[in-house]
Amino acid sequence: MKKIIIVGAAFIVAVGGIAAFGVVNKSSKVSTSNVIKIGGVFDTSGDASSYGKAEQDGADFAIKQINANGGVKVNGKNYKFKIINKDAKTDNTETASVTSSLINNEKVSAIVGPVITSGVQSAVPVATQGKTPMISPTAGADNITLQKNGDVQPYVFRAQYKNSFMGTKMAQFATENLKAKNIVIFQDNSSDYGTGITSAFKKAFKGNVVDVESYQAGTKDFQAVLTKIKDKKFDAIAINGYYTEGGAILKQMRDMGINVPVIGPDGIGDPKTAEIAGNKNTSNVYYASHFSVDAPATKVSAPFAKAYKKAYGKYPSQFTALAYDSVRMIKAAIENENSTSKSAITKGLANLKNFDGVTGKMSIDKDHNPVKSMVMVGMTDGKESSAVVVK
Amino acid sequence: MTTFIQQLINGLMLGSVYALLALGYTMVYGIIKLINFAHGDIYMLGAYFGYFFIKVLHLNFFIALILAMVVSAVIGVVIEYIAYRPLRHSPRIAVLISALGISFFLENGMTYLYGSDQRSFPQAIKTVQYQFCGIQISNIQLIIAVTSIVLMLLLTYIVKNTKMGRAMRAVSADPDAASLMGININHTISFTFAIGSALAAAGGVLIGLYYNSIDPLMGMTPGLKAFVAAVLGGIGIIPGAAVGGWLIGILETMVQATPFSDYKDAIVYAMLIVILLIKPTGILGKNKREKV
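Chains as they are written, first to last, in our numbering: chain A, 109 to 499; chain B, 8 to 299.
Please note: incorrect hints may appear among the correct ones.
[Said to hold, decoys possible] Here are the in silico distance ranges between beta carbons for each label pair:
no.	chain 1	residue 1	chain 2	residue 2	range
1	B	156	A	256	56 to 62 Å
2	A	154	B	270	31 to 37 Å
3	B	136	A	285	26 to 32 Å
4	A	417	B	266	49 to 55 Å
5	B	111	A	254	53 to 59 Å
6	A	420	B	120	16 to 22 Å
7	B	111	A	379	26 to 32 Å
8	A	341	B	8	15 to 21 Å
9	B	228	A	421	53 to 59 Å
10	B	269	A	154	28 to 34 Å
11	B	92	A	213	16 to 22 Å
12	A	259	B	266	54 to 60 Å
13	B	11	A	462	56 to 62 Å
No lab work stands behind these hints: they were computed from the structure.
Values in this document were obtained by computation on a predicted structure and should not be read as measured data.
Ideal Cβ positions, reconstructed from N, Cα and C, are used throughout, including at glycine.
Work out the full structure: start from the sequences and follow the hints.
Right, dumping it as structure tokens:
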């Protein structure tokens, strides 16, 4: 019996090895001297698949557009981009393994992805070991670009601003645009997301934070907490969490007659918020967004939205826009450094200044985070009705 | 003071739903000594049936509520027939595990069929707020309170004054003697499951309307809290479940009104431990010796 198992295992390993070798061979044949290979690590299945698919579309669209417009110019020579997408399945082990395969087998020059914070965390060691620059379109946690000792991760970048930056800009919006003096904060304390945004918000807010109420993801009843704060003096509410609980808070507070403006981070920016709260309750609500068709952040934003609509029949989402920018940031890095080597791309990304992204004019700071403006989208009757760029 | 009364009302609302659920736990325990852990998921199914009847068939809210109760009652009976009846003479732990299995089956089955996303429950009744003396109450809160009280009174009447109710009490006291007296035990147990499931479904539909969101895992936490409520009031005792439900609802609301709001669930479960240590038979329970 044991023998059969050993022979069987050997057979499987052999077949797998041949198959893998075949794949490597095939792909190395395709690569020619004027192609720059980019790896795409997107979760097109699993929990984050709705983000992953939108981002893959954005990256693919950017590559198509760049190649159609003549590709990338390096030393007077034209290069074309080629993207190799792999599904990380919203699974940390899978993310590390596809990243490794892109770097070691496909020999990509740079990686766009992964989509979520935990994915980035599991891919960082692989990218660092392979000395391959990696730019995540949408991971938000503050620490993904940093090592444990606070030094920057040399090969990790992102296109989305970090969570604490979002909290700071929300506070700025509350002070400057809503003229709020006293604010009540609801925060989702079951992840770093809500608490991280809240602490940055508190630090940056000029007025008075009257109360901070924490809740766990999955909470449905906010009657008691809302009754408690109802008689306090405040002129705005911040909901630092996601749309499920955000929608419930919004519904219950409006039903109770609390009609002050509500602001939230990008987690509130989902059609489900209005669905759960009810359209009539979703007025005077503002959420942070990375991209809005109504408030073009730079001169390239509107043409991008138009071209994308023509190609896909719908306007790009903020995730699509961020992935689109990620690819274009790599292109800019290559052209600025006039070289296609991995070390040049890494250096180029780290030194990127005043880059015209569709999600804003950005410069990469010393911690590899983009510094850019933020869009606050306003909702009336459950529909997007305004968009303000917070500089 | 008005804030206190307002919080008390919030607590009673929440408690009414826990009470509806706790009644099912208590009746099933009273009759076959089973803690039916799939009970919270019947509540979830009830909410989904309500959603279906209102959103797809465009029925009136109260008709949808009654239909959801009827369908869930049938499902409760089927679950008992398939998962519990064959194990009736097995050790109690086997039935308990079977109940957990059914619970996971329902949760994951619904996730598989309809996705794990939250759905917004159709707002079949427009929310209207009433104010008096600084206290605010909405028509939906009133509907929840009135529906639960009517259902509880109806249940009390059935158990006290009907032939089936008498059979339930007899089977609960001594199944063997009851069957010698010509009571059909299987029918009585099926009837108990039907009523318990119908009450849970009513709770689910009411909560769907109240919070406007339903999802396949919505039964887990309320199910556990209702179980705590049943134990708190004295498991197996019908008025105890109602008292326990209201107490848990009020306790949870009051904790949320203090700075300890992060610990509301922990405090509810701590309550269970305290009750089990001090008075294991619950608030309305009497100390009686187990027959040997």
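How the hints compare with the structure:
1. 156(B) x 256(A): 56 to 62 Å: holds, 59 Å
2. 154(A) x 270(B): 31 to 37 Å: Between residue 154(A) and residue 270(B), where Cβ atoms are some 33 Å apart, the hint holds.
3. 136(B) x 285(A): 26 to 32 Å: holds, 30 Å
4. 417(A) x 266(B): 49 to 55 Å: holds, 50 Å
5. 111(B) x 254(A): 53 to 59 Å: For residue 111(B) and residue 254(A) the Cβ distance comes to about 40 Å; the hint is violated.
6. 420(A) x 120(B): 16 to 22 Å: violated, 30 Å
7. 111(B) x 379(A): 26 to 32 Å: holds, 31 Å
8. 341(A) x 8(B): 15 to 21 Å: Cβ of residue 341(A) to Cβ of residue 8(B): about 20 Å, so the range 15 to 21 Å holds.
9. 228(B) x 421(A): 53 to 59 Å: violated, 41 Å
10. 269(B) x 154(A): 28 to 34 Å: With a Cβ separation near 30 Å, residue 269(B) and residue 154(A) satisfy 28 to 34 Å, so the hint holds.
11. 92(B) x 213(A): 16 to 22 Å: violated, 57 Å
12. 259(A) x 266(B): 54 to 60 Å: violated, 39 Å
13. 11(B) x 462(A): 56 to 62 Å: holds, 58 Å
Going through the hint list in order, the structure does not satisfy hints 5, 6, 9, 11 and 12.
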